[in-house]
Every structure is written in C-alpha cells, then in structure tokens.
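What follows is the residue order along each chain.
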Amino acid sequence: MPKSIWNGTISFGLAHVPIKLYSATESKTVSFREVHLSDGAPIEHRRLCSEEGKEVPYKEVVKGYEVSEGEYVVLEKDEVKAAAGARGKVIEIEDFVPGDDIDPIFVEKTYYVGCRDDGDAYKVFQAALEETGRVGIGRFTFHDREYLAAVRPLDGVLALHTLRFHDEIVDAGDLEVTIPRKGPSKQEAKMAEQLVDSLHEDFDPTDYEDTYREAVLDLIDRKAKGKKIERPEFEEREETDDLAAALKASLKGRKS
Amino acid sequence: MPRPLWNGSLSFGLVNVPVQLTSGTRDLDLHFRQLHKKDGAPIEQRRYCSQDEVEVDWEEIGRGFELDDGKQVVLTDEELASVQPEKTRTIDVQAFVDLEDVDPIYFDNTWFLVPAGDSQGTRRAYRLLVEVMESTQRAALGRFVMRTKEYLVLVRPRDGLLSLTTMRFHDEVRPTDGIAPGGRKPAKDKIEQAVAVIESLGTDWDPERYTDCYRERLKRVVEEKKKGKKIKAPTEPKEPKPAPDLMEALQATLERMGSGKGGGNGKGKAKGGRRQKAGAKS
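As they're listed, the protein sequences go chains L and W.
The first sequence: position 19 = 19 (my numbering), numbered continuously.
The second sequence: position 12 = 12 (my numbering), numbered continuously.
It is possible that some hints are incorrect.
As the list claims (entries may be wrong) - Okay, the calculated bits of chain W under chain L, using three or more residues with CB under 8 Å as the criterion:
hint : stretch
1    : 6–17
2    : 78–84
3    : 111–122
4    : 134–140
5    : 243–257
Source of the hints: derived by calculation from the structure; they are not laboratory data.
On a predicted model such as this, the values are computed, not experimentally measured, just so you know.
We put the CB at the ideal spot given by N, CA and C, even for glycine.
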C-alpha cells in the first residue's frame, strides 16, 4: 500500500472531493554517499558561522533573504507561512482547459490523487473530466509554498501535475542562435523524412531500460572484486559535413 | 547566451550534429540563505571526515556504496566516468514517436539543444532536423548520460530550435495500484451535471493568466519585514466538507454560474457543449 503524503480537498464550484496525494514517481538512480578517500569514513556536512568559524547547531540557524549585498532580511517560519497564503488544505479548481493544449514543458512533478471517503464525488469528478477531455487548473499549498496544479484523469484514477509558471519558461528568442537561412534541399528533406518514417514507433516506455544503472552496479561489483577499472577508449563521432551523403548512407543502412 | 550545461552531439542515423544544452526553464524562486541567529553572519557548509575530524577538500571525496553484506565499495569520479563514456558524449536517436503518445508523467526537465559546430554542414543538418520533425509532427526519442545519470530524452522542435526533455524510465513511474479510485460508477445524471459544471468553467489554456502569487507575496513579506513590520501567518481556513447531496451542490454551482456570480463565462446553461472550446476569459 503506497503511503500518502498529503490529505486535502479538491473543490470545483460548490462540490468538494476529499482526496489523498501520493508520489507518482521515484528515482532509481544508483546513489552513493560521500566518503573520505583516504579512510573511507563518511563525510559530514557541518554548518559553520562565517564570522566565528565555529559550528552552529541547527536551532541557531535562521533564514535570510539578501536584499542588497551583505544585507539580509531574516524571515521566521511563520512569516514564510504568511506568503504561502491561506488556502489551507484546499485545491480550488479555477478553470477547466483542454488537456491536450498544455505543453508538457509546464509539467514539473506528478502525484496520484486517491479517494479519501466513500462518497461518490471522486468518481463523478473523474468520470466527468474523462468525458470532457478537460483538466482542472487550480492552486494548492504544499510544504509552505503555493503551486499551480493541473488535475486530470489517468488510468482510472486522478493525477495532479504541479506546473511551472509562464515566466519560468525560456523562449527560443531569449537565446542568440544563428540558424542558416538556407534550408535543406528538397532531396535532403525527402531523405530525412524517409529516415524518420523508417524509425517511427509507437511509444512503449517498457522498451527502454536504464542500462547505465545496471552498468554502474556492474562497476561496483568489479571494484568489490578488486579488479582494475579502466576507462574504455571510444571514438568520438565526426560531425557531418556532407549532409546529403550522410542521409543517403543512413537510409541504405536501414534498408539492408 | 548562458553557459552550456552539456556539450556533445546529436546522432540521427549517420548524421552527427554537435550541440550544446542550455536551460529551457528558469528558476524565479526567492532563495534564502542560512544565517547564524546570534550575529546574522551567513552559515557556511563544510565537509568534515567523521573519523579524523578534519576538513576535507572536494578532491579527497569518493563515492561510497554499501554492499548487501555491509561492506563498502568506494569509487572515484574517474572510475565512475569509465561507465559507458560514449553515452556521455552522444545523444543517440533511437526512434521517432508521436508526442501525444508520451504521457507527461514521464517528463522531467526541459532544455534547449542549440547547434555548436561551426561548419555549414552541421548547421544545415540542425535546421533539417527541426524542419523534418515539424513536417512529420514527430519527436525523436533518444538517450544520453549527464552527471552520472542516464536519461531517456525526447527531442522536438520549439520555435525554430530543438528542445530536449529528460524523461523518467518506466520503472521510475509507480503503478496506480493501491490508489483508491472511489466507489462504483456513479449514476449518469450526476456525471452529466458535473460535465456541465466543468464546461461552464471551461476556457482555453493560457499560461499567462496564472502568475506566481507565492513569489509575489514572499517579496512583499521581505519588503515589510525590512521596514520593521511584524508579519503574522494567516489562520488556516477550515477544510470544506463534501456536500451531503452532490447533485444539489452541482445544481447550485450551475445556478451561480448562470447568474454570473461565480466568475464563469456564462456557459453554464448551455448543456451538451462538450469538447467545444470556450472563449478565453480575460
């Protein structure tokens, strides 16, 4: 049974849906801890006062915001809470928008939303969202900060994505990149399209395993057995100069 | 242009395009610093060996991994870099997929992939990739390693450039087993009523309508505190209880929308307006 991380209520109009939130993702990256190379002892992170050079216990630490160089405004926990707003445990849906219109670039984290009571509001909401193809946009407060969120049906339940705000998305125009004015030739474009078609697949996430993770575990195993670890040689691929020739050769490679 | 976070090449068939990664998103959060309460001096984090009680430089730190038998294996950064080094240099396109087939639950972070080579050939190859993905409406699926983690990535055009989104692997997305889906399928009329409420609150997706109020409020709190004002946390409002009669609550919502009090766009009365795009509110 997964453990819920938040209890609250989704409200749309005058209807209230009691819910629980669960993490929908988890990292499977091989994690290490920092150790001292000379003796293998764990590394500790210690907090030192930059003035006194002495260690500071956690209860003597406060949060400061730098308003000008070297000048800090100290905020107490309650003051940060004041900024989090007064939403309490409610995710109030403000709008319903077509689900397909939200570019996934906005999506930050995903949670599953479970039903918390035996009423039928959850199921009604889920079924109605499914029928309209819309997702609910609202805000909610989690760990003393407010998030923009999208609530949508997924796999028979509801999912909640926290969303980035529009000004957190970088526009292509913010970057100075020069792309050649002259486009590819018709022939090149045609070959590239053929190549894309030949590599087209339906997306099935289970087709792709994290082989690197396995390779890191294998490295740990070899090191544990006392084997010498060497960096394998590999050839850097050369950048393509003759585009048409490279496309032609790629297509030939696909067909044979 | 900001400093690139990664340099390498994008490989598609036998076409290799040198590229750099730069951020596709920016962090606008207010960041705080830890201070010593007594004297207001900034706190510094230092690394100490738990055995020798000495400060340890970054170069003297290894990565420890505990085996099942409790023994520890220590790897240096160089040893770790020996794992599949070619993947740290090349984003290999393995397939082209339709974007709508990829659930956003897999999405992690988005970056821009900008051309890095000087040769005309590679710049043209970059432009070709943008154009072919625009015309075929497909996104490239590839993989690469950045900072000792492998990512499945989706490369697609964005405003004339290529964007790269790092994705989670399938086993990093949890199954929905055990997430309570609510009772049995509710009566049709209830769903229809909820659909009507949803449609009455329906609008186009316009990200600019939503500003980060938290960021704004936090700035204000800092300003007021600077002026010496006292700031109190608001009292949390009571969590609303579900209405005993859902039908009634939905009906009341629709009536409120219809009379224009609810801030909806007055579509409440128009039943059966499913999937229609409501006009944007402004």
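Hints versus structure:
1. 6–17: Contact hint for the stretch 6–17 of chain W vs chain L: holds, 8 residues under 8 Å.
2. 78–84: holds (count 7)
3. 111–122: holds (count 8)
4. 134–140: holds (count 3)
5. 243–257: holds (count 9)
Violated hints for the displayed structure: none, as all numbered hints are satisfied.
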